[in-house]
Amino acid sequence: MSFRVLIASLSALVAVLFALSLVTGVAPVGPGESLAALVHDDAGPLTMVMREIRLPRAILAVMVGVSLGLSGAAMQGFLRNPLAEPGLIGVSSSAALGAVLALQTGFAAAFTLALPVAALVGAVVGVGVILFLAGPGGGAFTLILAGIALSALTGALTSLVLNLSPNPFAANEIVFWMMGSLSDRSFDHVWMALPIMALGWLALARTGRGLEALTLGEDAAASMGVDLARLRLILLGGVAASVGAATAVAGAIGFVGLVVPHLLRPLVGGRPSRLLLASALGGAALVLAADVAVRMVLPGRDLKLGVLMALVGAPVFLHLIWRMRGQP
Amino acid sequence: MTVLMLDRLTARRGPCEVLEHISLSVGAGECVGLIGPNGAGKTTLMRAALGLMPIEGTSSLASLSPIARAATAAWLPQSPEIAWPVTVSHLVALGAMARGRSLDHPTVDHALDRMGLAAFRNRAANGLSGGEQARVLIARALAQDTPLLLADEPIAGLDPAQQIRTMRVFRDLAREGRSVIVSLHDLGLAARHCTRIIVVHAGAIAADGPAEAVLTDTLMAKVFGVTSYRAETAAGPVFQPMDTVGP
Numbered sequence: 001m002s003f004r005v006l007i008a009s010l011s012a013l014v015a016v017l018f019a020l021s022l023v024t025g026v027a028p029v030g031p032g033e034s035l036a037a038l039v040h041d042d043a044g045p046l047t048m049v050m051r052e053i054r055l056p057r058a059i060l061a062v063m064v065g066v067s068l069g070l071s072g073a074a075m076q077g078f079l080r081n082p083l084a085e086p087g088l089i090g091v092s093s094s095a096a097l098g099a100v101l102a103l104q105t106g107f108a109a110a111f112t113l114a115l116p117v118a119a120l121v122g123a124v125v126g127v128g129v130i131l132f133l134a135g136p137g138g139g140a141f142t143l144i145l146a147g148i149a150l151s152a153l154t155g156a157l158t159s160l161v162l163n164l165s166p167n168p169f170a171a172n173e174i175v176f177w178m179m180g181s182l183s184d185r186s187f188d189h190v191w192m193a194l195p196i197m198a199l200g201w202l203a204l205a206r207t208g209r210g211l212e213a214l215t216l217g218e219d220a221a222a223s224m225g226v227d228l229a230r231l232r233l234i235l236l237g238g239v240a241a242s243v244g245a246a247t248a249v250a251g252a253i254g255f256v257g258l259v260v261p262h263l264l265r266p267l268v269g270g271r272p273s274r275l276l277l278a279s280a281l282g283g284a285a286l287v288l289a290a291d292v293a294v295r296m297v298l299p300g301r302d303l304k305l306g307v308l309m310a311l312v313g314a315p316v317f318l319h320l321i322w323r324m325r326g327q328p
Numbered sequence: 001m002t003v004l005m006l007d008r009l010t011a012r013r014g015p016c017e018v019l020e021h022i023s024l025s026v027g028a029g030e031c032v033g034l035i036g037p038n039g040a041g042k043t044t045l046m047r048a049a050l051g052l053m054p055i056e057g058t059s060s061l062a063s064l065s066p067i068a069r070a071a072t073a074a075w076l077p078q079s080p081e082i083a084w085p086v087t088v089s090h091l092v093a094l095g096a097m098a099r100g101r102s103l104d105h106p107t108v109d110h111a112l113d114r115m116g117l118a119a120f121r122n123r124a125a126n127g128l129s130g131g132e133q134a135r136v137l138i139a140r141a142l143a144q145d146t147p148l149l150l151a152d153e154p155i156a157g158l159d160p161a162q163q164i165r166t167m168r169v170f171r172d173l174a175r176e177g178r179s180v181i182v183s184l185h186d187l188g189l190a191a192r193h194c195t196r197i198i199v200v201h202a203g204a205i206a207a208d209g210p211a212e213a214v215l216t217d218t219l220m221a222k223v224f225g226v227t228s229y230r231a232e233t234a235a236g237p238v239f240q241p242m243d244t245v246g247p
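Chains as they are written, first to last, in the numbering used here: chain A, 1 to 328; chain B, 1 to 247.
Read the hints as simulated data drawn from the structure, not as lab findings. All values derive from a computational prediction rather than experimental measurement. Glycine included, every Cβ here is placed at the ideal spot set by N, Cα and C. Treat the hints loosely; a few may be bogus.
Derived list of chain A stretches under chain B, where covered just means 3 residues or more per stretch with a C-beta under 8 angstroms from a C-beta of chain B [to be verified]:
1. 215-222
2. 225-239
3. 265-278
Based on the sequences and whatever the hints tell you, model everything.
What follows is the structure in structure tokens.
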């Protein structure tokens, strides 16, 4: 399949799933009626539902999916490892810790966006630690180790907060938040996350040439005119901004950044630069599909997006490993 | 014309000095064979000359910007790495990309032909045999189309015919006016194909000159700890290490 056909197909898939997400919900209205209410303001409740609830939810699904898919492709290309994923550098677990602290201390209730803001602060602190540990002089190996250490530390601190939580309601809220979800989000979330994510996407879009050269290893890439220290900085900044913002608005959603690049790599001929755009679209499609599924599979039960993603993602991944057996 | 100039180049690995005060220059049209025992500092010399590690002293390449360096020298590291299942032609085209050229630049086809890889162009590069991958990586470096090529043991995994063909490619590059610095352990091939031999021993240059002047019995015993057999034949000089000397 040519690259253009692949990108066109993925774009069409995203468009279809976006429309499907808009017409999926608890309100008993037909798809045509829903979409008509979105376009023409009928001053009734349906227009409000469409414009204030479903539209931001679908837009957030695209934003979160693009962030996770793009970051996963960039991380795998940079570390030259198909098992790398955006969470590897500890940004999402740092963001989660920030959110958990906000929920525990009650700061989350201070204003509408208090929770995502706290998560973003957590992500920024996490990136600071990573850059300090694996900054300009560090190689890929240092980066992986620093990420594992940071994830372990923030995970332990999150557990500590849960462990010592005197308030079972707060603990419950924390556990549910950590499962990841796009329900009850508004345009406030979109406007808060979009500029940060967009900066991250722009940064990651600039890593293509460096990632291509890295196919041959760090030494060869450096000799081919790639400034590795600069590439690492741009890539870490891009992943941190997009994944930090995604975790802040949607909680922890795994597997997208791992599975999507893995599935699409054979379709782009293994080329890391082409995988960036393909994975961004693939990530958007997967998150949209999963967010439609959580509303269709168990309507009214608030099945969490992160739970469904892991339930679907893990078997897909096992299937991939099954097919890869015996290959070099 | 000088393509590489090193002046009192010193490089360390941790606290250990691996190279000490190396000064040399390489001119256009030279095919330099870099020889020496394991751990002598051949790889470090090439990486330090390229500025891929911290150095003291000066190297004409290390002071260039990454882009300008990529236009001057191509580097073929010793440990081959092909991370993804890209096609052979795309992998070789990365050499053209390093120069900011399009992936279908004529230098790509020329490099594929030169390394006898035209039939492999649509195969996945990381699915080839070790020797075939080594040739693909050499072609990648050739496609960078630079005045200077530094190659670290490029023929180590090749069969005898491919070793000879590859050394001929390097010699032909030198005849075209480019320069090649190639490290290798096959002293016979080095003697036959290189215009100049540099012997690295314990982080310093032990000898530098044409093969017949450099590869003396004394040097072979002192640096490599071997005796050797040599003869002049119609096909060129024959040079064969025979036995170890000393303990």
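Hint by hint, here is what the structure shows:
1. 215-222: Three-residue rule met by the stretch 215-222 of chain A, so holds; n is 6.
2. 225-239: This one holds; 3 residues, not fewer than the three required, reach chain B with a Cβ under 8 angstroms.
3. 265-278: Since 6 is at least three, the answer is holds.
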